[in-house]
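Trainee: The primary structure of each chain is shown beneath.
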Amino acid sequence: MKKEWPLWEVFIRGQHGLNHRHVGSLHAPDAEMAIKNARDVYTRRKEGVSIWVVPSAQITASDPAAKDALFEPSMDKIYRHPSFYDIPDDVGKM
Amino acid sequence: MTEASDLIANDILFDWLLRRGDTALVLGHRVSEWCGHAPALEEDIALANVALDLIGQARLWLSYAGEVEGKGRGENELAFLRDAWDFRNLLLAEQPNGDFGQTLMRQFLIEAYDLPLLRALERSADERIAAIAAKAGKETAYHLDRSSDLVIRLGDGTSESHARMQSALDTLWPFSGEMFCGDGVDDAMSDAGLAPKPESLKPAWTETVEAVLAEATLTRPQSDFAHSGGLSGRHTEHLGHLLAQMQFLQRAYPGATW
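Heads up: the sequence lines are chains D and Y, in that order. Note that this note's numbering numbers the first sequence so that position 42 is 42, with each residue one more than the last. Note that this note's numbering numbers the second sequence so that position 257 is 1257, with each residue one more than the last.
Just chain D, with the same shape it has in the complex (with noise of 0.2 Å):
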C-alpha cells in the first residue's frame, strides 16, 4: 500500500471576479480534507473567497524541454507585441 497521500494543486481566487490563481500544492488523503488543508495552508491571511484543489497527477505538463521550440519563436514577432500603443491614462493597468 502507498503510505503518501496523494498531491493536490492548490487554486485560490483572491476576490469576487478575479480568477483562480495557483498557490501551491499540498498532501491531502482526498479531495475534501485538501480543501481543508489548503484552508489552512494557504488562506491564514485572508488571502481568498475560494478554494480549488485538482489532483497534480491530472495536471498534464509541456515539457520543460521543449521550451525553445514552444515558446522562443514569438520572441522576433513584434506584431505580436502591441507594446507600443499609447494608452489613455482612464485606462488604468491593461
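Hints in this document: simulated from the structure, not taken from any laboratory. It should be emphasised that the depicted structure is a prediction, and the values quoted were computed from it without experimental measurement. Note that the Cβ used here is the ideal one computed from N, Cα and C, for glycine as well. Check the hints yourself; a few may be wrong.
[Claimed, not checked] Calculated lysine to aspartate or glutamate pairs in the DMTMM-like style (CA-CA distance at most 25 Å, straight line):
1. K3(D) with E1139(Y)
2. K36(D) with E1139(Y)
3. K36(D) with E1178(Y)
4. K1197(Y) with E1207(Y)
5. K36(D) with E1237(Y)
[Stated by the list, open to error] Computed far set for chain D versus chain Y, every beta-carbon distance over 10 Å:
6. P6
7. A28
8. P29
9. K36
10. N37
11. R39
12. A57
13. Q58
14. A66
15. D68
16. A69
17. E72
18. F84
19. D89
Add chain Y to chain D, keeping to what the hints say.
Mentor: The following block gives chain Y in isolation, referenced to the frame of chain D:
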C-alpha cells in the same frame, strides 16, 4: 446596550470570564505543543492555526476579565502570573496530548460544547460577551468541522486508528461531564441574562457527539461518572507541568518584552 456590571457582581463575572479564558488558553497551549511534531506538514499548520485561534480567544476573555477585576491585571498577568489553583479551566482542556487521536478526541469533545455555548452567548445581555462570542463562534465552527471530520475518518479507519480513537474516547469521556456541571456562578450569569446554564447545552452536545461517534463506529462509554474541580481551581496533576512550561519565560525574566 446593557453593561454586565449593572446586572451582576464583578467577582462573579470575573470568575465566569476566567473559565472561558483559561479553558481557551490551556487548550490552546496544549494544541501548540504539536507545533513541529504533527504527523503531516499540513496537520502541523492546521493545528498551529487552531492553537492561535484559541489563544486569541483567551486574550479577549482574559482582557475583559482583567478589566472587570479592576486590579490592574491584564491578559498577560492573568495568563502568566497565576498559579494552578487560580486557573478556572475545564479539566478536559488540560489533559495531555497523548497520541494524535487523543488530541483530536479532546478537541472534538470540547468544540462540540463550545459551539452551542458561543452561539448562545451571542445573545448575551452584555455587548462585550456577545461580540467575543460572535468572533470566536466563527473560528469554533471551523474547528468543530475539522475535528468531527478527523474523528470520523480515524474512528472509521484502520483497525489501528479505530482502536486508538476508542481508547482516546474511553480515557477522556469521564472529563466531559464537567462541562455541564453548573454552579452558583452559572446560575447568577443565567439569571442576569448574560450566559446560558451549562446544563442547557447538553442536548446539543449529545446530539453532535452521538452523530459523530456513530459515523466513526465508536462506542460511547456507558458510565456518566464525571471528574470535576477545574472550574473551582482543583486541577489534575497535568496543569502544573503545563504552566511550568507556559509561564517559564515570564517567571524567569519578569516583565520581559519582545
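Trainee: If a hint holds in the structure, say so; if it doesn't, say that too.
Mentor: Against the structure, the hints come out as follows:
1. K3(D) with E1139(Y): 31 Å, violated
2. K36(D) with E1139(Y): 13 Å, holds
3. K36(D) with E1178(Y): 31 Å, violated
4. K1197(Y) with E1207(Y): Holds, at roughly 18 Å.
5. K36(D) with E1237(Y): 35 Å, violated
6. P6: 12 Å, holds
7. A28: A28(D) is in fact no farther than 10 Å from some Cβ atom of chain Y, at 7 Å.
8. P29: 8 Å, violated
9. K36: The claim is violated: K36(D) sits with its nearest Cβ about 6 Å from chain Y, within 10 Å.
10. N37: Since the minimum Cβ distance to chain Y is about 4 Å, N37(D) lies within 10 Å and the statement is violated.
11. R39: 8 Å, violated
12. A57: 18 Å, holds
13. Q58: About 19 Å separates Q58(D) from the closest Cβ of chain Y, which puts it past 10 Å; holds.
14. A66: 32 Å, holds
15. D68: 36 Å, holds
16. A69: 37 Å, holds
17. E72: About 38 Å separates E72(D) from the closest Cβ of chain Y, which puts it past 10 Å; holds.
18. F84: 47 Å, holds
19. D89: 42 Å, holds
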